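Residue numbers (the numbering used here), protein chains in the order written: chain A, 1 to 332; chain B, 1 to 332; chain C, 1 to 332; chain D, 1 to 332.
Simulated from the structure, these hints should not be mistaken for laboratory data. Hints are not guaranteed to be accurate.
The list treats identical chains as one, so a pair stands whether inside a single copy or across any two.
Cross-link-like lysine-lysine pairs, in silico, DSS-like; alpha carbons within 30 Å at most [as the list claims (entries may be wrong)]:
hint : residue 1 : residue 2
1    : K196      : K149
2    : K23       : K109
3    : K203      : K153
4    : K89       : K6
5    : K89       : K109
6    : K109      : K6
If you're wondering where the values come from, they're calculated on a predicted model, not measured in any experiment.
There are 4 protein chains.
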Amino acid sequence: MLVIMKNDATGEQVQRVIEEITKMGYRGVPMPGAQRTAVCIVGNKGAVEESLLLPLSGVKELIPVTKPYKLVSRETHPQSTVITIGDVKIGGGNKPVIMAGPCAIENEKQAITTAEIVKQYGATVFRGGAFKPRTSPYSFQGLGEEGLKILAKVREETGLLTITEATDHVNLEDVEKYADIIQIGARNMQNYSLLKRAGETRKPVLLKRGFAATIDELLMSAEYIMAGGNHQVILCERGIRTFSDNIRNTLDISAIPSIKESSHLPVMVDPSHAAGRRDYVIPLSKGAIAVGADGLLIEVHNDPVHALSDGIQSLFPEQFARLMEEIKYIYR
Amino acid sequence: MLVIMKNDATGEQVQRVIEEITKMGYRGVPMPGAQRTAVCIVGNKGAVEESLLLPLSGVKELIPVTKPYKLVSRETHPQSTVITIGDVKIGGGNKPVIMAGPCAIENEKQAITTAEIVKQYGATVFRGGAFKPRTSPYSFQGLGEEGLKILAKVREETGLLTITEATDHVNLEDVEKYADIIQIGARNMQNYSLLKRAGETRKPVLLKRGFAATIDELLMSAEYIMAGGNHQVILCERGIRTFSDNIRNTLDISAIPSIKESSHLPVMVDPSHAAGRRDYVIPLSKGAIAVGADGLLIEVHNDPVHALSDGIQSLFPEQFARLMEEIKYIYR
Amino acid sequence: MLVIMKNDATGEQVQRVIEEITKMGYRGVPMPGAQRTAVCIVGNKGAVEESLLLPLSGVKELIPVTKPYKLVSRETHPQSTVITIGDVKIGGGNKPVIMAGPCAIENEKQAITTAEIVKQYGATVFRGGAFKPRTSPYSFQGLGEEGLKILAKVREETGLLTITEATDHVNLEDVEKYADIIQIGARNMQNYSLLKRAGETRKPVLLKRGFAATIDELLMSAEYIMAGGNHQVILCERGIRTFSDNIRNTLDISAIPSIKESSHLPVMVDPSHAAGRRDYVIPLSKGAIAVGADGLLIEVHNDPVHALSDGIQSLFPEQFARLMEEIKYIYR
Amino acid sequence: MLVIMKNDATGEQVQRVIEEITKMGYRGVPMPGAQRTAVCIVGNKGAVEESLLLPLSGVKELIPVTKPYKLVSRETHPQSTVITIGDVKIGGGNKPVIMAGPCAIENEKQAITTAEIVKQYGATVFRGGAFKPRTSPYSFQGLGEEGLKILAKVREETGLLTITEATDHVNLEDVEKYADIIQIGARNMQNYSLLKRAGETRKPVLLKRGFAATIDELLMSAEYIMAGGNHQVILCERGIRTFSDNIRNTLDISAIPSIKESSHLPVMVDPSHAAGRRDYVIPLSKGAIAVGADGLLIEVHNDPVHALSDGIQSLFPEQFARLMEEIKYIYR
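Chain A extracted, bound-state conformation (with noise of 0.2 Å):
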């Protein structure tokens, strides 16, 4: 629920609506605009009595929205997205797209040895980080600029899109240059400043799903993006971390029906970063594909056994053969 408040609404009449709101047990958060303040009313998981709301003085209208997200619903946007770059078509059920290849760009051979494994079994965009955001100071952390490079290599090569993460200001622009869809990775995903930015370019924008983020905040930040200016934007369930030491995160599988009832957005899954090691990616992937995802977002290595990083988790080539395989029974 929005409460607009008048052109001539005073902070006082502001304060008032917002201990109202209080009172019922929700929060109200003041939105002010260039013209008049609006107060969201968050927290409420239903309807709000709006006859409480609406006699306040200064208050000029209730506008029920049941989510603080406009541009991302589908409230607003019945129909779902699709985001097309080049002949790839994402979402709006069209066939999932696949999108493989390595954790990190090590060498222009390797890079384009994968490419071609991955294109040759049906995947249509080639990943590949080149700025890595790890855990440690003293892990690998990607090649820089000279990754790019052999990315965009792999595009002309190949034919293949690609997708590859931006970490900061500095290297989205590089990225935005080199690439065709910017990754922001799960850790940033409420970086605001890197949204923010994000939201500036003309590019596709995949936004993976912080490990311990609700649906809301995923929705919410890609609402920074989409209040920025760019419409393109790709979702991405990748695990959350729960008590459950089986598996590194947990796959939220549910979370692509969710997203699909708030948004009209496209949702991919990675299973890869979920798993944390390779044979569980097989059977992720099945169950994200049944479930409905636009897309896999799937690490592939040459060689795995000798990868720079995350090569636990990368498939080997026949691996990846045996899983499109597999897919294309469970889509239809």
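Chain A is already provided as a structure; the job is to place chains B, C and D on it using the hints.
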């Protein structure tokens, strides 16, 4: 790892072993037996340094077991167990078994009508609660033995097998008499007294994972039943409790490959209790089958709008029909 | 909110009310009573729109209850309950009560020695397990009734009150006979059959919060005991299961003010099971007292190095002495 | 454990080491350096079998480090670090430091009035946000540089030290200029680009634990700052995300002894953001001090009812006065 002590090992010697294990950063749990004591090493994730333990006085031998369970373990029993009840075979790569029916048995008409519906579309086991564990003492607690009699009638009239939940020693005895499969619910997964009693029965037991239980804890609870002499145990994932608020419980599909890796027991999925709302049941069911579940436990009601409990998550007959159609394509 | 239906309300009318509640985004739970049915509205976080329900046919009145529990609620019983057992008073701002002793009673000497130690430093209740719920069927399960007899002897020789855990109907009867306070453990918090039985006893019951239970669920479980006629319930926070791996269970000290806000019942803290290691027990104990806990349940062993279970988290006598000294300053 | 490879070790040899580590059930992370490669063994909880690794060709030596961080580690720096800023000393057993003030700086009058209040009752650092990371793009985002200027004025007029949050490279430069302590918020705990930049400044940095970060991850993030050359890092626990819904975030007081065990850095507690409501702030603050926190970061507002953000969790002046009085007794 199991440290087997000599027959005449003293308490001091056992204690010395435990201290050494503690120094390694693990935990040593003494398991006194009739003949000798064993010390189970808990908390290690991989190999344990044997050379530190073997020379200690009183130590007979070291038996490597990476997990604290034995009877449920795939290591000790590499072949997948198939539970056969009448014509129904659960596990071992057999066609997924569908157990369907209302949350609670409300009356004979509701039970039989629903049973006929689910049978028509391919279910082979009828589910329906007679003893309901409810969070509130003021909620409907089930029909009790009367419900079991209706269950028996369903069996007689439709030929379907039946499953229903037991919540204590007393009603387990009744359930054993009337039903084909005894269900132990998530809230009782660590009710060891009930598990021991379930170990004495000769009917198959379906054991649900507690909503905050790790896979190892689930397997340990199954070990209680098997240690009691009942080897017909079916496991069931039904959603875990996480921070995520888009669904009642997060369905952990990674539990399927995890359990199958560690144990030879069949594992089913209950999407209805995870979802808490019927529109999520279909996508989650498809995901569960795609990932390799041995079957589904689904709430279906002939008239969900008038159900006495859990109506919101029960499928309408036509939804169940559609679901059965769709999973056929996923399972080959 | 409770919707009270008229005596002669039909099932159809009840159903109509539930549907209306569902439309609001909440859940309507029918609570059939001897005279009439009430429908409890669950899932709302604040005020409910009354004007939509009151006009429905069959509705008698609306009773605002924000919580699904009644007897445990501070709303219905504003004064804090004080549980008095002999000279010991628990709750209501009385001096924190310290219950201390070993995890398990191993033999008479260990029990009495430990009891004398904890008494010397200020504990007034002796704790010690006779029936141990263990994750593994192969772990030491306690001395059983023999342990209870030792407990009675401790009481006789030291004058301390005693508390010990019951895990099923059968041993609850024994515990009732030998001990002053009956403990129901975290794993049995939603063992409703056991809770109902605990409602029939006239001894005080200490109910531990399940490691994945919300405060509301804990209070609902207490409601089961009180609804059975036993109003002497003490609650106990013992750590919750979270993603955090620095401690066995995250001690949730916010549970203390939360429970005190919602309920009149006293609330204690068990830092030993949360910590899982003795060096954390002292700081957590101090935190618990500072935040307002009505007492502590602490594991102390006369010789922790040789304890048969949980030795790693049991305090040495001198640590317990120091702890008792330090919390004196915190509690005024 | 760190496996140091010889200068001339080949990639094959490094790979062989990693495979051996994988076989042990751990993970080997290659850390290529200027001179040589080291392989960090991750995932082990205790001792690692050295005799399996040492004989491998290319291996120079094994250095036991139980944790993947070094500079923050108490092992490498046994004495507690004391951060000294003017007269204020944080850590090392010094009197707890209280940092207090409003969530956001709204205007000069509000800031100075609040600063005088918190100073009067014993706070020595003034907190107040100028750049606010908000979940919604439509929420009040802070006054920006204007807020920093007010902060500088507060410093000038009251003599209090100041702390405020930086959210990206650009505003970090400003914060560095105007404030005494740079705060990095929970959502940016793994914004490695920002952490690296914070490593270049010479002002102390207060790093908040992400609401889903483990202690090890928090320490790794601090390692980023220290590895950059800035050794003045203060850690801060501010609540973690769990299933529990009685409070916004569960305050994890066990983080205090855990961090103090693993690291020499001081650790503070922010009870305001954990609580999300002012009546819980006082008990949680007392618990934090009792458990050994080096200080508190508390939201106080001269007029919380009219606060532009987080008013609900800001203390009234008289509540802050009472809190300061009460914690005096707890800290000796």
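Is it within a copy, between copies, both, or neither that the alpha carbon of K203 lies no farther than 30 Å from that of K153? Within one copy, since 19 Å is at most 30 Å while 43 Å is not.
Is it within, between, both or neither when you check K89 against K109 at 30 Å Cα-Cα? The answer is within: 29 Å in one copy meets 30 Å, while 50 Å across copies does not.
At most 30 Å between alpha carbons: which applies to K196 and K149, within, between, both or neither? both (25 Å within a copy, 24 Å between copies)
I want to check one pair: K89 and K6. Are their C-alpha atoms no more than 30 Å apart within a copy, between two copies, both, or neither? neither (44 Å within a copy, 50 Å between copies)
30 Å Cα cut-off: does K109 pair with K6 within a copy, between copies, both or neither? between (63 Å within a copy, 26 Å between copies)
Given identical chains, is K23 near K109, meaning Cα to Cα at most 30 Å, within a copy, between copies, both, or neither? between (64 Å within a copy, 28 Å between copies)
Violated hint: 4 only; the structure is consistent with all others.
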